[in-house]
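Peer 1: Could you put the whole structure together from the sequences, leaning on the hints where they help?
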Amino acid sequence: MSNLREDKKVIHSPRIGVLALQGDFAAHADALREAGAEPLLVRAPEALVLAGPESLDGLILPGGESTTFLKFLERDRLLGALASFVREKPVFGTCAGCILLAHKVTHPAQQSLDAMDIDVERNAYGRQIDSAVVEVETKLPGPPLEMVYIRAPRISRAGPAVEVLAERDGFPVLVRQGNRLASTFHPELSLDRRVHRLFVDIVAANVQQ
Amino acid sequence: MAETNGNYSGATGLRLKTGLAEMLKGGVIMDVMTTQQAVIAERAGAVAVMALERVPAMIRAEGGVARMANPALIREIIHAVSIPVMAKARIGHFAEAQILQQLGVDFIDESEVLTPADEAHHIDKHAFKTPFVCGARDLGEALRRIAEGAAMIRTKGEAGTGDVVHAVKHMRQIVKEMKALTVLSEQELYAAAKEHRAPYELVRMVAQNGKLPVPNFSAGGIATPADAALMMQLGAEAIFVGSGIFMKDGTTPLDVELNAQGAPRTPKEREEAESRANAIVIATTHCRDPKVLAEVSEKMTGAMKGLAVAALDERQLLQTRGW
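Chain order of the listed sequences is A and B. In terms of this note's numbering, the first sequence opens at residue 1 and continues consecutively. In terms of this note's numbering, the second sequence opens at residue 210 and continues consecutively.
A few of these clues could be false.
For the chain A half of the interface with chain B, some residues (derived, Cβ under 7 Å), not all of them [said to hold, decoys possible]: (1) L21; (2) Q22; (3) D24; (4) G63; (5) G64; (6) E65; (7) T68; (8) P108; (9) R127; (10) Q128; (11) V133; (12) V148; (13) I150.
Hints listed in this document are in silico derivations from the structure and should not be mistaken for laboratory results. Note that the Cβ used here is the ideal one computed from N, Cα and C, for glycine as well.
Peer 2: Listed below in structure tokens is the structure:
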């Protein structure tokens with residue numbers, strides 16, 4: 001068993017799941033490949049086992065419609081498996097995924113995993129006509145980061161344990177709390193891979209431990 | 210901070226438009242005529258709703274000129290749900306599209322289901338900030354719409370029939386023509402562009418990537434979970450369901466409305482609509498899992514009474530509108 005663990009560390013790139021119920025999971029899978037990880041599409045609770053050679057090293061909750069995600073989570077008993085997974089292993093949520101990770105969701109209120117100490121307001125920037133591409137300074141190394149916002153939510157509160165890696169108009173847009181990362185924009189829709197690389201690094205460091 | 214969302218036609222504008230289409234992938238977009246239908250769609254897990262006054266089956270049965278829905282209805286539906294709201298404009302009717310954009314509709318469907326307003330020109334979709342979806346029966350038609358600024362293509366099928374045969378025909382046609390382009394040499398692409406009556410640059414893009422430069426969804430006659438799974442396996446990236454969820458037959462919707470006490474007026478019919486909406490959403494996500502498909506198909510009560518496309522007169526077809 002310790003040998004298997006050893007193999008994983010040395011030979012394999014991190015195995016990162018992408019929740020593939022709906023949304024732009026394929027774009028995330030491509031981005032993960034470019035960032036040096038092995039993506040696996042997750043549609044069933046069995047894929048979220050916490051131990052064993054088939055277990056995932058981390059998970060991405062993609063963009064899409066958060067109400068649709070929730071419907072499937074309730075229906076397919078995925079909610080429990082997902083809640084256990086995000087407490088144990090690194091997770092990264094973008095847009096709808098960020099909404100799922102929140103402590104509290106407003107506009108309208110809906111269920112969430114309470115995996116990060118953030119409150120999120122849905123569709124806070126308006127409708128599709130208010131979607132935008134902007135360039136923003138971040139705490140990541142390198143030049144300002146291009147950010148694609150599509151009917152984006154807003155992080156209206158971030159607790160003291162949450163590190164804000166970037167802000168737009170005074171509100172956090174890229175946040176980290178331990179092994180958990182969330183963005184209200186869609187790094188998977190840009191060519192810049194710095195955010196996915198950061199997550200792959202978080203996952204790789206967690207595997208080594 | 211450089212704001213670049215004022216550019217509707219350039220690369221940035223198109224990325225924002227196709228970006229929303231990316232978010233809808235793997236989902237179901239449902240036609241709704243009332244706020245209660247919209248609420249049922251959202252609760253079932255639809256990724257968006259299409260606000261209409263009459264679904265295609267009713268337009269087909271009742272005839273007359275079919276126009277953009279009443280803005281008051283569209284506003285009500287926008288307020289009733291948190292998911293994106295789409296609405297249809299007539300082919301070439303850019304003034305209807307301007308009104309829809311003003312209302313805050315998230316996607317405009319320039320649709321052959323409504324009566325065309327222009328016999329030669331489609332809407333110049335680059336002039337709008339709101340993204341457009343357009344129907345297509347073959348690759349050339351899809352690429353002409355993309356050249357005009359469409360951010361999403363859907364197969365036309367034959368709307369309002371509950372017969373999936375032409376959705377299949379159009380999807381197979383587009384996929385086959387895309388595959389054929391990938392094996393052509395650079396110099397053969399010029400002639401291919403001429404044959405498809407499509408811009409060379411777009412034809413070249415498809416030849417290189419083997420797929421459309423925008424998401425490719427399916428519509429037109431999808432009525433059951435099995436239909437949705439079929440279209441997804443044939444290459445659709447998401448599903449539009451028109452008359453299949455809320456119609457009993459071609460003319461009468463299921464009664465899903467609430468009474469004064471807030472309870473369903475006709476519980477059995479509301480449950481039937483809910484069961485259809487749920488089943489099609491699950492079937493679309495789990496389209497390659499026959500076990501799940503069997504399960505949800507079994508749970509679904511009733512299905513729209515269909516109309517065989519083969520029995521329709523040429524003049525009754527909606528798909529031949531647009532060019």
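Peer 1: Can you name, in rising order, the numbers of the hints this structure does not satisfy?
Peer 2: none
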